[in-house]
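Position chains B and C against the provided structure of chain A, taking the given hints into account.
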Amino acid sequence: MRYLPLTEADRRAMLAAIGAKDVDELFHDVPPSARLAGPLDLPRHQGEMEVERAFARMAGNTLSAGSAPFFIGAGVYRHHIPAAVDQLLLRGEFLTAYTPYQPEVSQGTLQALFEFQSQVAMITGMDVANASMYDGATACAEAAAMACRVTRRNRVVLSGSLHPHYVETTETALRYTEMVAEALSPDAIAMEDLIGRVDEATACVIVQNPGFFGGVRDLRPLAAACHEVGALLVVMVAEPTSLGLFESPGAMGADIVVAEGQSLGMGMNFGGPGLGLFATRDKYVRQMPGRLAGQTVDVDGRRGWVLTLSTREQHIRREKATSNICTNSGLCALAFSMHLTMLGGSGLARLAELNHANAVRLERKLAAVKGIRMLSQSYYNEFAVHLGDDAKAAEVVDRLADRGILAGVPASRFWPSWPELAPVLILAATETNTEDDMDRLVAGLKEVL
Amino acid sequence: MSDMRFTKDHEWIKVAGDVGTVGISDYAQHALGDVVFVEVPEKGRAVAKGAEAAVVESVKAASEVYSPVSGTVTAGNQAIVDQPGLVNESPEDAGWFYTLTIADPSELASLMDRAAYDAYLKTLE
Amino acid sequence: MAESSTISGNRGLQVEEKLIFELDNPGALAVDLPEPGPIDLDRMGGVARRASTGLPDLSEPQVVRHYTRLSQKNYGIDTGFYPLGSCTMKHNPRLAEKMARLPGLADLHPLQPQKTVQGALEVIDTLAGWLKDLTGMPAVAMSPAAGAHGEWCGLMAIRAAHEDKGEGNRRRILVPESAHGTNPASAAMCGFTVDPIPAKANGRVDLDALKAKLGPDIAGLMLTNPNTCGLFESEIIEIAAAVHGAGGYFYCDGANFNAIVGRVRVADLGIDAMHINLHKTFATPHGGGGPGAGPTVLSAALARFAPVPYVAHGPGGLELVEGGRGGAKPFGRVKGFHGQFGVFIRALAYIMSMGADGLRQASSDAVLNANYLQASLGDVLTASFDGPCMHEALFDDRFLKDSGVTTLDFAKALIDEGYHPMTMYFPLVVHGALLMEPTESESKDTLDQFIAVVRGLAARAKAGGADEFKAAPRLTPRRRLDETLAARTPVLRWKAAVG
Numbered sequence: 006m007r008y009l010p011l012t013e014a015d016r017r018a019m020l021a022a023i024g025a026k027d028v029d030e031l032f033h034d035v036p037p038s039a040r041l042a043g044p045l046d047l048p049r050h051q052g053e054m055e056v057e058r059a060f061a062r063m064a065g066n067t068l069s070a071g072s073a074p075f076f077i078g079a080g081v082y083r084h085h086i087p088a089a090v091d092q093l094l095l096r097g098e099f100l101t102a103y104t105p106y107q108p109e110v111s112q113g114t115l116q117a118l119f120e121f122q123s124q125v126a127m128i129t130g131m132d133v134a135n136a137s138m139y140d141g142a143t144a145c146a147e148a149a150a151m152a153c154r155v156t157r158r159n160r161v162v163l164s165g166s167l168h169p170h171y172v173e174t175t176e177t178a179l180r181y182t183e184m185v186a187e188a189l190s191p192d193a194i195a196m197e198d199l200i201g202r203v204d205e206a207t208a209c210v211i212v213q214n215p216g217f218f219g220g221v222r223d224l225r226p227l228a229a230a231c232h233e234v235g236a237l238l239v240v241m242v243a244e245p246t247s248l249g250l251f252e253s254p255g256a257m258g259a260d261i262v263v264a265e266g267q268s269l270g271m272g273m274n275f276g277g278p279g280l281g282l283f284a285t286r287d288k289y290v291r292q293m294p295g296r297l298a299g300q301t302v303d304v305d306g307r308r309g310w311v312l313t314l315s316t317r318e319q320h321i322r323r324e325k326a327t328s329n330i331c332t333n334s335g336l337c338a339l340a341f342s343m344h345l346t347m348l349g350g351s352g353l354a355r356l357a358e359l360n361h362a363n364a365v366r367l368e369r370k371l372a373a374v375k376g377i378r379m380l381s382q383s384y385y386n387e388f389a390v391h392l393g394d395d396a397k398a399a400e401v402v403d404r405l406a407d408r409g410i411l412a413g414v415p416a417s418r419f420w421p422s423w424p425e426l427a428p429v430l431i432l433a434a435t436e437t438n439t440e441d442d443m444d445r446l447v448a449g450l451k452e453v454l
Numbered sequence: 013m014s015d016m017r018f019t020k021d022h023e024w025i026k027v028a029g030d031v032g033t034v035g036i037s038d039y040a041q042h043a044l045g046d047v048v049f050v051e052v053p054e055k056g057r058a059v060a061k062g063a064e065a066a067v068v069e070s071v072k073a074a075s076e077v078y079s080p081v082s083g084t085v086t087a088g089n090q091a092i093v094d095q096p097g098l099v100n101e102s103p104e105d106a107g108w109f110y111t112l113t114i115a116d117p118s119e120l121a122s123l124m125d126r127a128a129y130d131a132y133l134k135t136l137e
Numbered sequence: 484m485a486e487s488s489t490i491s492g493n494r495g496l497q498v499e500e501k502l503i504f505e506l507d508n509p510g511a512l513a514v515d516l517p518e519p520g521p522i523d524l525d526r527m528g529g530v531a532r533r534a535s536t537g538l539p540d541l542s543e544p545q546v547v548r549h550y551t552r553l554s555q556k557n558y559g560i561d562t563g564f565y566p567l568g569s570c571t572m573k574h575n576p577r578l579a580e581k582m583a584r585l586p587g588l589a590d591l592h593p594l595q596p597q598k599t600v601q602g603a604l605e606v607i608d609t610l611a612g613w614l615k616d617l618t619g620m621p622a623v624a625m626s627p628a629a630g631a632h633g634e635w636c637g638l639m640a641i642r643a644a645h646e647d648k649g650e651g652n653r654r655r656i657l658v659p660e661s662a663h664g665t666n667p668a669s670a671a672m673c674g675f676t677v678d679p680i681p682a683k684a685n686g687r688v689d690l691d692a693l694k695a696k697l698g699p700d701i702a703g704l705m706l707t708n709p710n711t712c713g714l715f716e717s718e719i720i721e722i723a724a725a726v727h728g729a730g731g732y733f734y735c736d737g738a739n740f741n742a743i744v745g746r747v748r749v750a751d752l753g754i755d756a757m758h759i760n761l762h763k764t765f766a767t768p769h770g771g772g773g774p775g776a777g778p779t780v781l782s783a784a785l786a787r788f789a790p791v792p793y794v795a796h797g798p799g800g801l802e803l804v805e806g807g808r809g810g811a812k813p814f815g816r817v818k819g820f821h822g823q824f825g826v827f828i829r830a831l832a833y834i835m836s837m838g839a840d841g842l843r844q845a846s847s848d849a850v851l852n853a854n855y856l857q858a859s860l861g862d863v864l865t866a867s868f869d870g871p872c873m874h875e876a877l878f879d880d881r882f883l884k885d886s887g888v889t890t891l892d893f894a895k896a897l898i899d900e901g902y903h904p905m906t907m908y909f910p911l912v913v914h915g916a917l918l919m920e921p922t923e924s925e926s927k928d929t930l931d932q933f934i935a936v937v938r939g940l941a942a943r944a945k946a947g948g949a950d951e952f953k954a955a956p957r958l959t960p961r962r963r964l965d966e967t968l969a970a971r972t973p974v975l976r977w978k979a980a981v982g
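Residue numbers (the numbering used here), protein chains in the order written: chain A, 6 to 454; chain B, 13 to 137; chain C, 484 to 982.
Chain A with its partners taken away, still in its complex shape:
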């Protein structure tokens, strides 16, 4: 077996050194009734060729995004990743390293995390960012809990602009705590009144920008309303490339910014792993969950990096920790940082412009399809359309998939029991979409509608 270096001769020699007759003897603490006598009745070991064949068969039983006109977003976005990113990620010193608890042998990971934290703080317009959370949904839940710690209040308002998975994950996280989540109805046309929901008992409002249905909002009035009553504004960014084109949440008054970082550096991978971004103001840093890399010097006075402010974390604070998180999304954070480094300031702005321009182009082409009505008044690279009162977006998507077109997400996938959302389709366009993709989508829609 290719991953096991011990030979039978080695095993015999080692058992002799230990003074054991066989390996079974080393398991003598296991209650006899629970000992398995031999391997389970399951498939035996296989060579690379056999395993590759099995995976090739499964991979062949899908319609991959690159082989179809593709317009799906809703929290996971398909972007072009520069070839160097994946090549560099495969370096074993990054890939096969542990969490950098031993800084002398982990300066590579630590410096990269420091750069990552800096980049996240810069694009979100915040003071400080952590070294990552699992994904956007869990980062959102952690932000709710942190806002309650900071304000010593327990009421969390969840905007209808939030991705339904973020809402469900946050509700689940708060379920058996003193904290209470108040989720507003899905807000397809960005008309909800959030300011009216904020009062002296509110710990925070969590709003997504651009929203789940695409809308982009000026959050300054909401920030002012929150701050007036001592509540925090938490802004969720599901599509971080949008920050190249739009005002940062920090500039609009956010106290905590959380985001899903998958857009940069990582493929879609059927939705996992993701990358939770988490940024806040300096004054709240000790209430922040997750690891932090910080700058310091070594005994020779040379600049270096360590994990710091660890007393917030579970391995020291145990049940009083800010979160139970340990393993986070280290390699995903590295991928995000590499991609952002390759883009640079001008590249991120250009990429964001390209995304928005492609969405504008898609909107204009869709105008040629009878019965389609635009719901989003503003958007970045994603918007919601109404396909007509009798149309069922799920059926439309299904029939287009039969024609080899992956045409967005029907709102009914998340809200199956809301008839008014049945005709709503959410479409995303990124820099990867060609004019031909859009023409095929429009032609397909004309056929099936």
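Source of the hints: derived by calculation from the structure; they are not laboratory data.
A portion of the hints provided could be inaccurate.
As the list claims (entries may be wrong) - With a straight-line Cα cutoff of 20 angstroms, these simulated PhoX-like cross-link-like pairs (lysine-lysine) come out:
(1) A:Lys370 / A:Lys288
(2) A:Lys288 / C:Lys598
(3) A:Lys325 / B:Lys26
Stated by the list, open to error - One side of the interface only, derived from the structure: several residues of chain B facing chain A at Cβ under 8 angstroms:
(4) Glu69
(5) Lys72
(6) Ala73
(7) Ala74
Beta carbons are placed, not taken as given, at the ideal position from N, Cα and C, and that holds for glycine.
Just chains B and C now, kept in the frame of chain A:
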């Protein structure tokens, strides 16, 4: 220094009239190592005997400071907030945490004097 | 330092590397993007960005060199032996990386119509099948993102089960003092209070003390098995029976599952829930701190409270179930989408490569390697407990008594010898702990070299070489770093110089 009284959690209190000054013992600062962060109570806060009144952290440990007696905080020591190393350098003097007006002087009776505390430390070795 | 000082500060292959912000080369590009078409200011909600992000501009060669140099300041399993107890740093097969990059699996969106992703659902379902078979448990929640997330998931299922029976007042959970810090932290997030239970002198749970703590308010027990001292809890079946008898559930922290895969099924021990760290037991890369995956197996009593989504077999093929169905009462959703799919592919590639026979051999070899270390070092270090260990060997610092060398110094000296340190000062139940987990990935030759080095260092420490140990490591890109400075004056990001 005979007016100093100690708790089993290694806080001390120095009493002058009805005002007490609270800090952590030399043993406590030594056990923690380099103190990097402290949080002291704000003026006016009511603290109960044995309840959390302040926080002290080193790189690898975090600990609550429990009030040796009940009372109302009259001041937190901003100097140790700005310069946490003072707790290590001068734990039983400049590194004090807060002062309070003592609500019930009889609570002092349950605390150890220096000799009793030293004897108690010996049992921990 | 004098003899090795250079003009550049570089030392041969150890090249100093600035921050990306200090490499800024305004106007440089590492990505050529096409000219955008027209944008629509009316569609931008009045919030177009005004200030620039301030991110630096670099070209591709600069970026590639930057990260290559950073990587060279890291230690990985690919570099050498990583005896990090409780972390299971085993070899990460490259076949798994190759499979995870197949476009038919990697280039899939989680919200595609289900008929277009049947192969991906099959990956999840096949892996779930293996995890159930290897543990003997009837159900598995696949979505938790890491070990701690899986702990929380299992405890949420326990809380939901109590609530369902009208016993939501069961809030006290027993956790041994030697537990990972994530255990009490996860329990607190479910509204449980943590009640510590002591260990016996032999490093196992004190069954009588545990029984004395049981009562009508007990929610359950969290126990790592093999435990954090590297020992199998020999009375585990009696422990499970006692907890069940009191109306509680038994959560097992599966961090140390690598010791028993294919030799023991946790269902046969009376366990109700256990997370499995795919990034430990099933060889997916740690990646410098993640991503992990923490699928959580559940007993029949807890299965119907499993979170959404899960994969089920339907008439038209595999289906992703996003809401409660049948008698299911999911406690909620733990993250976005369907779990750490990219990690699932890698774990499944490893499991299929190893097979039932290989997995059993791996746990046998992991235990053999740890016992070989323990036996070969027992006369110079001080083992904390008598008798064979499981997959990790625990020593304490008695062998350093009066030498002036601490566990930390000893570990740092190992770095100069080319090894990653073992886990130090954990578990807390022994003084100055040194916890070594060799895993099955190491050859006898590697272990023999390591043993020789540790024996040599122990002899040096006892011979009065404390100053040398205090100065270690000397040969790394950076020597010991000032953690006090980092915490007292936190510098957590780069900032442009003002003016």
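Taking the hints in turn, this is what the structure says about them:
1. For the hint pairing lysine 370 of chain A with lysine 288 of chain A, the CA-to-CA distance comes to about 48 angstroms; that exceeds 20 angstroms, so the pair is violated.
2. Distance hint between lysine 288 of chain A and lysine 598 of chain C is unfulfilled; the C-alpha atoms sit about 49 angstroms from each other, more than 20 angstroms.
3. Proximity of lysine 325 of chain A to lysine 26 of chain B is assessed by CA-CA distance (about 30 angstroms); at most 20 angstroms being required, the pair is judged violated.
4. A least Cβ separation of about 5 angstroms between glutamate 69 of chain B and chain A falls short of the 8 angstroms threshold, and the interface hint therefore holds.
5. Satisfaction of the interface hint for lysine 72 of chain B is found here, the shortest Cβ-Cβ separation to chain A being roughly 7 angstroms, below the 8 angstroms cut-off.
6. Interface hint at alanine 73 of chain B: satisfied, since its Cβ lies 7 angstroms from the closest Cβ of chain A, which is below the 8 angstroms cut-off.
7. A cut of 8 angstroms between beta carbons decides the hint on alanine 74 of chain B: the least distance to chain A is about 4 angstroms, and the hint holds.
Of the numbered hints listed earlier, those contradicted by the structure are 1, 2 and 3.
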